[in-house]
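Student: Build the full structure now, drawing on both the sequences and the hints.
The primary structure of each chain is shown beneath.
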Amino acid sequence: MQEMTMIQAINNALRNALESDPGVLIFGEDVGHNGGVFRATDGLQQQFGEERVFDTPLAESGIVGTAIGMAVNGLKPIAEIQFMGFIYSAFEQIISHAARIRTRSQGSYTVPMVIRAPYGAGIRAPELHSDSSEAFFVHQPGLKVVVPSNPYDAKGLLLAAIEDPDPVLFLEPMKLYRAFKEPVPTEKYTVPLGKAKVMKEGTDISIFSWGAMLPAVRQAVQKAEQEMHIQAQIIDLRTLSPLDEETIIASVQKTGRAVVVHEAPKTAGVGSEIIAIINDKALFHLEAPVARIAGYDVPPPLFQLEDLYIPDADTIRAGIERTMKY
Amino acid sequence: MSKVLARKPAGPVFNLVDADGTADPQLLPPLTERQYIEMYRWMKISREFDRRAVMMQRKGQLGTYPSLEGQEAAQIGSAFALRKEDMMFPTYRENGAAMVHGLPIRQILHYWNGRADHFVKPEGVNVFPVAVPIATQVLHAVGYAMADKFKRQNRATLVYFGDGATSKGDFHEGMNFAGVFRVPVVLFCQNNQYAISVPYHRQTASETIAEKADAYGVESIRVDGNDVLAVYQATKNAVYKAYLGEGPTLIEAVTYRYNSHTTADDHTRYRSSTEVEKWRTGRDPILRFRRFLERQGLWNENQENLLAHEIQTLLDEEIKQMKQCGPSNPLHMFEYSYQDLPLKVEEQRNEFIARRKGGGIECRK
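Residue numbers (our numbering), protein chains in the order written: chain A, 1 to 326; chain B, 1 to 365.
Worth flagging that the hints you see were computed from the coordinates, not collected in a lab.
Do not take every clue at face value.
Stated by the list, open to error - Counterexamples of contact, computed for chain B against chain A with all Cβ distances above 10 Å: (1) Pro12; (2) Val13; (3) Asn15; (4) Lys59; (5) Glu85; (6) Ile105; (7) Val120; (8) Gly143; (9) Asp170; (10) Phe177; (11) Tyr258; (12) Arg290; (13) Glu304.
Said to hold, decoys possible - Taking lysine-lysine and the BS3-like style, the derived pairs with C-alpha atoms no more than 30 Å apart in a straight line are: (14) A/Lys325 - B/Lys344; (15) B/Lys44 - B/Lys149; (16) B/Lys149 - B/Lys212; (17) A/Lys266 - B/Lys44; (18) A/Lys281 - B/Lys344; (19) B/Lys121 - B/Lys59; (20) A/Lys223 - B/Lys212; (21) B/Lys241 - B/Lys121; (22) A/Lys188 - A/Lys200; (23) B/Lys84 - B/Lys278; (24) A/Lys266 - A/Lys325; (25) B/Lys320 - B/Lys44; (26) B/Lys212 - B/Lys241; (27) A/Lys223 - A/Lys197; (28) B/Lys59 - A/Lys181.
Said to hold, decoys possible - Just a few of them, taken from the derived set where beta-carbon distance is under 10 Å, the chain B residues facing chain A: (29) Tyr92; (30) Val132; (31) Met146; (32) Ser167; (33) Ser197; (34) Gln203; (35) Ala215; (36) Asp265; (37) Arg283; (38) Ile286; (39) Pro327; (40) Ser328.
Note that the structure is predicted; figures quoted are calculated from it, not measured.
All C-beta atoms in this analysis are idealised placements derived from N, C-alpha and C, irrespective of residue type, glycine included.
Tutor: Next up, the structure:
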């Protein structure tokens, strides 16, 4: 065990993966000599050489497309897209190919690759660096989408993603990269994909969230519990595709009330899908409509206004209150 | 390299002024003394603006900032070759070029200060707003110029990008369209040797960027990007060619970024100080042009001091005005996603206003 930030835990996971599987390769823009703009790959090229950890030309479609070729040819590529906002030029490779080759070839070819991308607002980055566009990818069958919210999960989920036989988009909340430390085992372990985590037990309301929103959710819950004398259950979904429907439904069946919190724009966000699942499978357990606390339906603004765009603890608390008092 | 299929050697680099300021008077562009001095003035303003911006970022007054220092000749020389009515598509690093083409300094400061609401194009300023994805603007510029051709508008469009951008599909697609449709566009690459940490030789196996044009049937020129007059002349020729309906040109300006990619990057991790110093002391574009002006008898120490003072005063005032502007209006976040606000966004806006009442944030309309 070692105290690690999320970025250190990711670095440690990548090191474990490179050590244990000679077919693992890491590549992308600035991941080699520079060790990644956030230092996620720091020291890995020095340790494992330029054949296994290397800088590519500046070309996201090229990075993802060649990763697909490597994956179908038996390697385990881990491609880094420097910021999720730059993933769009690789969109076709992800949507039309990474996610479909298994179906297209009826299982003759598979694409066991991971695409890592920092994402989300809150670090005063320039335009487009702050997008939370997970919903674009969750909509695509054949692709898994994972978002950790703490160092322990980041490492375990990333190692599980690398072992996974399908393509996984691994989204890393930038705001949490260095937000706090926690004990993380230095040896290899996995946290299963597709399984949500109950972060806190409760009986009166379920709060569903992921990634960078969880610290704000915890603050909001603490306040709401004191003010309203309630017990809220906090669920970190961790994998957005496939969603852990069992945990979502079980929680709503227990509490009868729910709030979904995400940073991405509200319309057609993953929150809408969670509410649809609840409507399908737990409607008669509901005591109130499910509240959605989300970003506005506008592009994330430049940094002067970005904190006003991101849902904060007060907004979440107000959502909890509205749902409790319905 | 295979001896059977040998590669064509790279062409020469176009150069007019040597490092010591000497030049062949027969080859100089037909500029007035005043124009020479104006060019120099803008190079100095760009550098001083850039240094101030980096300092302001360090103090938290600006967000992440991409420095242009070292690239003044490439930016000013090329922008100077445009007429006011010609269109410019800059990247986030072309602060100097954008200023020359009419974008007010204060607006550039506001943008890096994280407020989009003051980055509105003034009437008659043909500078397109910067976007951060790489190479995407090449296609926009080609399309813009195609529209000019369609509308029989006799003007040129100039698009900037870096060496890293030439790795992206959009660059190649833009070049191809430009070639096929003989588009009145100037594709201006500032080859500053690094795409963040990745050096030129890792970006492409081509010896030059200029030679990439051959594959698309586009003419190209490789120019000394630290020689402002060579950059000016090469761009002027390309712009005239565009006016005459003779199609696109790719210009590769060979230059160097002195500082990190942005203030969030640390260039000492990937290159030596010796390399940086070699460019700074041996090939500095401003120093070279000053030596040229002095040799021509157009410049002296006294003028230099007066200019330094003028720039100081100018930037002090611009920065003061930027600071006095106060925080951004939060409601601007909702204003420009659509022309007519959809009902759901209007509701979100109203909720935002209601929630912020008494919250201490002034919502100025």
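Student: Hint B/Arg283 vs chain A: min CB-CB distance below 10 Å?
Tutor: 24 Å, violated
Student: Do the numbers back the hint for B/Ala215, that is, is its least Cβ distance to chain A under 10 Å?
Tutor: Not OK, violated: B/Ala215 not within 10 Å of chain A, min 17 Å.
Student: Have a go at the B/Ile286 hint: is there a Cβ in chain A nearer than 10 Å to its own Cβ?
Tutor: 27 Å, violated
Student: Can you confirm whether the C-alpha distance between B/Lys59 and A/Lys181 stays at or below 30 Å?
Tutor: 27 Å, holds
Student: Run the distance test for A/Lys266 versus A/Lys325: straight-line Cα separation, threshold 30 Å.
Tutor: At roughly 22 Å apart (the allowed maximum being 30 Å), A/Lys325 and A/Lys266 satisfy the hint.
Student: Holds or violated: B/Lys212 with B/Lys241, Cα cutoff 30 Å?
Tutor: Judged against 30 Å, a Cα distance of about 19 Å means the pair holds.
Student: Within a Cα-Cα threshold of 30 Å, do B/Lys121 and B/Lys59 meet the stated pairing?
Tutor: 28 Å, holds
Student: For the pair supplied as a hint, B/Lys149 and B/Lys212, is the alpha-carbon distance within the 30 Å limit?
Tutor: 24 Å, holds
Student: If I take the minimum Cβ distance from B/Ile105 to any residue of chain A, is it greater than 10 Å?
Tutor: 18 Å, holds
Student: Confirm or reject: B/Val120 is not an interface residue toward chain A, with every Cβ-Cβ distance exceeding 10 Å.
Tutor: 13 Å, holds
Student: Is the hinted pair A/Lys223 and A/Lys197 satisfied, with a Cα-Cα distance of at most 30 Å?
Tutor: Measuring from Cα to Cα gives roughly 22 Å; hence the hint holds.
Student: Is the hinted pair A/Lys325 and B/Lys344 satisfied, with a Cα-Cα distance of at most 30 Å?
Tutor: 24 Å, holds
Violated hints, in rising order: 9, 15, 17, 20, 23, 31, 35, 37, 38; the structure is consistent with all others.
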